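Those protein sequence lines, which keep their order, are chains A and B.
Counting with my numbering, you get residues 1 to 293 for the letters of the first sequence.
Counting with my numbering, you get residues 294 to 666 for the letters of the second sequence.
These aren't lab readings, by the way, just hints derived from the structure by calculation.
All figures in this text were calculated on a predicted structure; none of them were measured in a lab.
One should not assume that every hint holds.
Said to hold, decoys possible - Here are the simulated lysine to any residue pairs, SDA-like style, with alpha carbons at most 20 Å apart:
1. A:K176 <-> B:P387
2. B:K420 <-> A:L193
3. B:K390 <-> A:F67
4. B:K390 <-> A:W39
5. A:K176 <-> B:K420
6. A:K176 <-> B:S478
7. A:K176 <-> B:E475
8. B:K420 <-> A:R273
9. A:K144 <-> B:A389
10. B:K390 <-> A:I190
11. A:K176 <-> B:Y400
12. A:K176 <-> B:A389
What the hints assert, rightly or not - What follows is a list of derived Cβ distance ranges for each label pair:
13. B:L377 <-> A:W189: 25 to 31 Å
14. A:I119 <-> B:A331: 43 to 49 Å
15. B:A440 <-> A:G263: 37 to 43 Å
16. B:L377 <-> A:L112: 35 to 41 Å
17. A:L112 <-> B:T610: 51 to 57 Å
18. A:G118 <-> B:T539: 57 to 63 Å
19. A:P127 <-> B:A482: 35 to 41 Å
20. A:L115 <-> B:R321: 39 to 45 Å
21. A:F142 <-> B:Q428: 53 to 59 Å
22. A:A35 <-> B:L486: 29 to 35 Å
Where is the CB? At the ideal position from N, CA and C, for every residue including glycine.
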Amino acid sequence: MAAVTRKGGLGGRGGLGGTVSPQARGGLGGSSPRASRAWRWMILIVAAVYFLLPLWAALRFAGVSAFGSVISQPGFTSSLALSVRLAVITTLVTIALMLPTTVYVHLRLPKLRRLMEGITILPIVIPPVVLIVGVLAIAPGFLKATSWLLALAYVVLAMPFTYRALDAGLRALDLKTIVEASNSLGAGWISTLWRVLLPNLRTALLSATVLSVALVLGEFTMASLDLYQTFPVWIYVNSQTSGQVSVAASLLALFVTWIFLLGITVLGTRQSRKTGGGAVTLFTVARTETRGD
Amino acid sequence: MTTNTARDAAGTAGGTGLAGPGHGTSVRLKDLTRSFGATRALDGLSIEMAPGELVALLGPSGCGKTTALRIVAGFEIADTGSVLVDGKDVSSVPAAKRDMGMVFQSYSLFPNMTALDNVAFGLRMRKIGASQRRQRAGDLLDMVGLAPQAEQYPHQLSGGQQQRVALARALAIEPRVLLLDEPLSALDAKVRLQLREQIRTLQQRLGTTTLFVTHDQEEALSMADRVGVMSQGRLEQIAAPDELYTNPATAFVAEFVGVMNRIPGELQSGGQVTALGSTVPVRGDRPDEALVDLLVRPEGLRLEVVENGNGIVTTRTFLGSVTRVGVQLSGDVAVQVDRPSAESAALAPGASVSVSLPAEPVLVAPPPGQLMT
Numbered sequence: 001m002a003a004v005t006r007k008g009g010l011g012g013r014g015g016l017g018g019t020v021s022p023q024a025r026g027g028l029g030g031s032s033p034r035a036s037r038a039w040r041w042m043i044l045i046v047a048a049v050y051f052l053l054p055l056w057a058a059l060r061f062a063g064v065s066a067f068g069s070v071i072s073q074p075g076f077t078s079s080l081a082l083s084v085r086l087a088v089i090t091t092l093v094t095i096a097l098m099l100p101t102t103v104y105v106h107l108r109l110p111k112l113r114r115l116m117e118g119i120t121i122l123p124i125v126i127p128p129v130v131l132i133v134g135v136l137a138i139a140p141g142f143l144k145a146t147s148w149l150l151a152l153a154y155v156v157l158a159m160p161f162t163y164r165a166l167d168a169g170l171r172a173l174d175l176k177t178i179v180e181a182s183n184s185l186g187a188g189w190i191s192t193l194w195r196v197l198l199p200n201l202r203t204a205l206l207s208a209t210v211l212s213v214a215l216v217l218g219e220f221t222m223a224s225l226d227l228y229q230t231f232p233v234w235i236y237v238n239s240q241t242s243g244q245v246s247v248a249a250s251l252l253a254l255f256v257t258w259i260f261l262l263g264i265t266v267l268g269t270r271q272s273r274k275t276g277g278g279a280v281t282l283f284t285v286a287r288t289e290t291r292g293d
Numbered sequence: 294m295t296t297n298t299a300r301d302a303a304g305t306a307g308g309t310g311l312a313g314p315g316h317g318t319s320v321r322l323k324d325l326t327r328s329f330g331a332t333r334a335l336d337g338l339s340i341e342m343a344p345g346e347l348v349a350l351l352g353p354s355g356c357g358k359t360t361a362l363r364i365v366a367g368f369e370i371a372d373t374g375s376v377l378v379d380g381k382d383v384s385s386v387p388a389a390k391r392d393m394g395m396v397f398q399s400y401s402l403f404p405n406m407t408a409l410d411n412v413a414f415g416l417r418m419r420k421i422g423a424s425q426r427r428q429r430a431g432d433l434l435d436m437v438g439l440a441p442q443a444e445q446y447p448h449q450l451s452g453g454q455q456q457r458v459a460l461a462r463a464l465a466i467e468p469r470v471l472l473l474d475e476p477l478s479a480l481d482a483k484v485r486l487q488l489r490e491q492i493r494t495l496q497q498r499l500g501t502t503t504l505f506v507t508h509d510q511e512e513a514l515s516m517a518d519r520v521g522v523m524s525q526g527r528l529e530q531i532a533a534p535d536e537l538y539t540n541p542a543t544a545f546v547a548e549f550v551g552v553m554n555r556i557p558g559e560l561q562s563g564g565q566v567t568a569l570g571s572t573v574p575v576r577g578d579r580p581d582e583a584l585v586d587l588l589v590r591p592e593g594l595r596l597e598v599v600e601n602g603n604g605i606v607t608t609r610t611f612l613g614s615v616t617r618v619g620v621q622l623s624g625d626v627a628v629q630v631d632r633p634s635a636e637s638a639a640l641a642p643g644a645s646v647s648v649s650l651p652a653e654p655v656l657v658a659p660p661p662g663q664l665m666t
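Turn these sequences into a full structure, and let the hints guide you.
Shown next, in the form of structure tokens:
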């Protein structure tokens, strides 16, 4: 499962603030088209080897039969169920907190956007170990025995990703004008948020969901220190007894997460293309320009 | 012309069941002030709008015209003063409950809704049933000539089409007041001209009291019943377009509306001023200084081709029925004079001419260097 954690982290950070620019397709500037094409292939091959070789090795090590026995292992269902539950709670709580906050900051306190960016980078910079030790030290007693504490700690971890996704989505809108147009047509705040803003932030919300879910499904440190057997913790514990089964389980988790991400991205992109938006990427929501005339 | 276009529009887009003239609302802006930090955006603005009237607020950027409109809409709150709609103070009514249709400068359609759904949005907020609001929204799209685009999303529409949908959307709620915040400024010249006429025709047909904010004098003069010229948060003058052009109340209005020449002159006792060799009466305010500038329109100057005149022709611009002639006078003064194109063959650059004043009252102003009082 370590592979899943790393993949999520890398994919997330690599995408920070990144936009798909036309130059990205153009290859390296200055060189001839043929040379730049060779370069592109080379980079692609190196990257493919780097990412696929470990997977292939893991697959060989586990063997096909191990996949069948994963599901029947004790603790598989309960740990997976716990992880999924944590993912759902974390995503919902994070969005419920961050959506109004981000909209409000954009609309009324645009000067605070820099500060917000600074604050929301903290959970990425501070190691999870430090966070969870701190949380455990100050958490009130009634929360300590429940999985809610872990979910709340995950909310802190998911906040930067959610904020960034929403921030990018809001930036693509002419928020002030749209909100005022909605108000002038008789819509109050709730109608405006529900009927106008939410549908236009669908892509951003999907990105936020994808990132939060991937984060929670792969998080190991906090869960193990908080003594919960989430799916990654279960895989780790299992690896002590049966290496092959735990590798099979982590590969399974990786593929399931991939398919899940792919599905959301494809669906989200189809939806957003219809209304003129860009493809769903993990951090940015591209916007197509209106025709000039 | 007014009755004709109104009747034409009623004929082509009849049967929409929309309110006709006579349902207008009176609007009164009473002594509005608004400061942003140290800047006074509005400094005691008062305007009265008759039912069904289109008033344009014209002025350079930062003159407070948009602030005034946003206070009427309920998006800004005045520091002092009030907005009265049909005699009732609406200052404490939130924007969503003011029943004012607004068209914005930037494209404001909801990207996730089709043109039809955009127009129907306000009706939906008023809890009007689905079939009825589709019907009405369809009628309005038809009225702005966009029925075929009903199912398209904003990103599939051109800028001009988007603003027409925005207009239909604002009118769909049968607003008591229509507010237009530079709705044409993002469009190219040709579309702007068409939409200008369309807005005016619809507005006259529906009789909706309309406040229109623009920095484009041509737009203001061609569309409005009355134009209010603003400067530094104050209303300089509010008058019908022709009145504004021919009888500007202040030097600011005179120079902001249309082309205006400045010719140095000298004030005489008894309300006279001397320039270009003649002495004419002064109209309006008289500065304290003796040396002033006369403000004269290009069509208000006389021009003759003479040997050893007081000026030399520098440029000649054909504008259709008239030709605008640039003349360099002595003392580094340049003026523009309009002549009928048929009579301007001899006014080639380099020709010696004589520029003179007709014996009519003129506006005077302190020379620009002394404006900082």
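Going down the list of hints, with the structure as the test:
no.: 1; hint: A:K176 <-> B:P387; result: holds, 16 Å
no.: 2; hint: B:K420 <-> A:L193; result: holds, 18 Å
no.: 3; hint: B:K390 <-> A:F67; result: violated, 62 Å
no.: 4; hint: B:K390 <-> A:W39; result: violated, 61 Å
no.: 5; hint: A:K176 <-> B:K420; result: violated, 25 Å
no.: 6; hint: A:K176 <-> B:S478; result: holds, 18 Å
no.: 7; hint: A:K176 <-> B:E475; result: holds, 16 Å
no.: 8; hint: B:K420 <-> A:R273; result: violated, 30 Å
no.: 9; hint: A:K144 <-> B:A389; result: violated, 46 Å
no.: 10; hint: B:K390 <-> A:I190; result: holds, 14 Å
no.: 11; hint: A:K176 <-> B:Y400; result: holds, 11 Å
no.: 12; hint: A:K176 <-> B:A389; result: holds, 15 Å
no.: 13; hint: B:L377 <-> A:W189: 25 to 31 Å; result: holds, 26 Å
no.: 14; hint: A:I119 <-> B:A331: 43 to 49 Å; result: violated, 31 Å
no.: 15; hint: B:A440 <-> A:G263: 37 to 43 Å; result: holds, 38 Å
no.: 16; hint: B:L377 <-> A:L112: 35 to 41 Å; result: holds, 37 Å
no.: 17; hint: A:L112 <-> B:T610: 51 to 57 Å; result: holds, 53 Å
no.: 18; hint: A:G118 <-> B:T539: 57 to 63 Å; result: holds, 60 Å
no.: 19; hint: A:P127 <-> B:A482: 35 to 41 Å; result: violated, 60 Å
no.: 20; hint: A:L115 <-> B:R321: 39 to 45 Å; result: holds, 43 Å
no.: 21; hint: A:F142 <-> B:Q428: 53 to 59 Å; result: holds, 57 Å
no.: 22; hint: A:A35 <-> B:L486: 29 to 35 Å; result: violated, 52 Å
Hint compliance for this structure: hints 3, 4, 5, 8, 9, 14, 19, 22 are broken, all remaining hints hold.
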